[in-house]
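J.: So you can see what is in the structure, the chains are spelled out below.
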Amino acid sequence: MGALEGVAREAGGRIVAALAATFRDLDLAEEAFAEACARAAAVWPSAPPLDPAAWLYATARRQALDMIRKRNVRQRLAPDAPEPEATTEEVLASDARLIPDERLRLIFVCCHPAVAPEARAALTLRLVCGLTVQEIARAFLIGEPAMFQRLTRAKRKIAEAGVSFEVPGPEAWPERVEAVLSTLEVAYARAHEDAAGASAHAGYAREMLDLTAVLADLLPEEPECLAFAALVRFAEARRPARLDAEGAMIPLSEQDPALWRRPLIRDGDALLRRAARLNRPGPRQLRAALHAAWSLRRSRAEPPPWSAILALYDQLLDWREDPFVRLNRAVALAEVAGPAAALAEVAALDTAKLADFQPYHAVRADLLARLGRRDAARAAYDRAIDLAPGPAERLWLLRKRSEL
Amino acid sequence: MQYALLIYENEDLYRTGEGRALDDIIAAHQALAGELAARGILKGGSGLKTADTATTVRKTGGQHALHDGPYAEAREQLGGFYLVEVPDLDAALAIARRVPLAGDGAVEVRPVIDED
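Going down the list, the sequences are from chains A and U.
This note's numbering puts the first sequence at residues -2 to 401.
This note's numbering puts the second sequence at residues 371 to 486.
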């Protein structure tokens, strides 16, 4: 069962995407894949396949054809001539490359501007990354029934409105790539903000490395796309260094750079350099550059690159005035110009937007504590803890509060 | 698939002449409709007289009542529509982007129920 789960998670996105592209029906693709997994659970223990992913794909494809035939009969229409099917034996004789990578196409479908923006990331995670509705609901902090409804509505819109399953022509890319990237950013932020990384998150963080590689490969002339692929690599490189022995999060500046995964950092650097050569700057390139600046650090002995970070945040503000960017900038400012200057900046932020944003209260608490204003700091930590961060963040906040 | 492209505009722009001149718009519609017809895409459509000529039959609790005016009391009113047949939503949206408008406005793209 464990093996099936692993294969399903690893290859599920590719299989569902290939089925969706062939049959242009998202529900059918999902049902057929689920049915194939159920068959695998029954058959594999006695007859394990040579290539599990190809087995799942072939079985799901056959299942989908079957469902279409039944549906046509039910509608009393002449059944379509069946497509020539590969037998399972034929599939087994080939290899995993049989499954075409249709994920990009499916990402473009899920992130179509005609799909409600709040459903795009969820739909991508469901169909392309194979997360369960429950996992997605948890990631987006909404109830499972509400998430189910959101997904159902989005799939219905795609089917009924006749959204195209083609990758759009280059003339449509500025709009589409923006929608795709912002969708994936939301999805990745969910995976990344929880340092403890529940197993599902670790799973789709891996998917995100794959997906961004596919995107960068297919859209090599889109610098923001390359930069996002770089960003995911830099951020994932730090995963082994983000938790201490007790499971509390370790802030970036206190992490041990020796634990960072250097090959991923090298890949990130290469992608970011390719983006820079295209000579079309953008906010994602600056965000990736922030990560790259941190990645230059080799050991705890080297001082953190605070002034470089501050300068990059200043440039980022030129792209968009954003309270979340200002908050991060204040963290760097505290190191360069002292906590009083940073607290003045934080005080000037739009509190209405940040009131329920846990890092806002955590940053304020830290600055207040460094200025010796213990009671105010304690209150700010309480507020941050109330906002129910992930378990690792919670542990860290509780510890900081007790150190006051 | 067939799609209705429903054109919502502020009719005042045509009365006051603030937007593009009425003649220009009509010429632009004729050009677009002519091109779509020549490509076999256009299945129907028409301009509508202004909303002050509309009468609405409203059914409330089983009773019908007539109301002098359009269904929705909005600034932008349904002013006309195209019925087109294209492969998918993106093709319909591409045409919707080309529909002439006097100023600000909206074109709602709605798939038509397939009768087959």
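The set of hints was computed from the structure by calculation and includes no laboratory data.
Take these hints with a grain of salt, some might be off.
[Stated by the list, open to error] Below are the BS3-like pairs computed for lysine-lysine, each with C-alpha atoms no more than 30 Å apart in a straight line:
#1 A:K152 - A:K67
#2 U:K429 - U:K419
#3 A:K350 - A:K397
#4 U:K419 - A:K350
#5 U:K413 - A:K152
#6 A:K154 - U:K429
J.: Would you mind marking each hint as holding or not holding in the structure?
T.: Consistency of the hints with the structure:
1. This hinted pair checks out: A:K152 and A:K67 have alpha carbons roughly 21 Å apart, not beyond 30 Å.
2. Only pairs whose Cα atoms come within 30 Å are accepted, and U:K429 paired with U:K419 is accepted, the gap being roughly 23 Å.
3. Annotation: proposed proximity of A:K350 to A:K397 holds, straight-line Cα distance about 25 Å (limit 30 Å).
4. A hinted pair counts as satisfied when its Cα atoms are at most 30 Å apart, and U:K419 with A:K350 does not qualify at roughly 46 Å.
5. For the suggested pair U:K413 and A:K152, the alpha carbons sit about 28 Å apart, so the restraint of at most 30 Å is met.
6. In summary, the hint linking A:K154 to U:K429 is supported, as the alpha carbons are separated by about 29 Å, within the 30 Å threshold.
In summary, the one numbered hint that this structure violates is 4.
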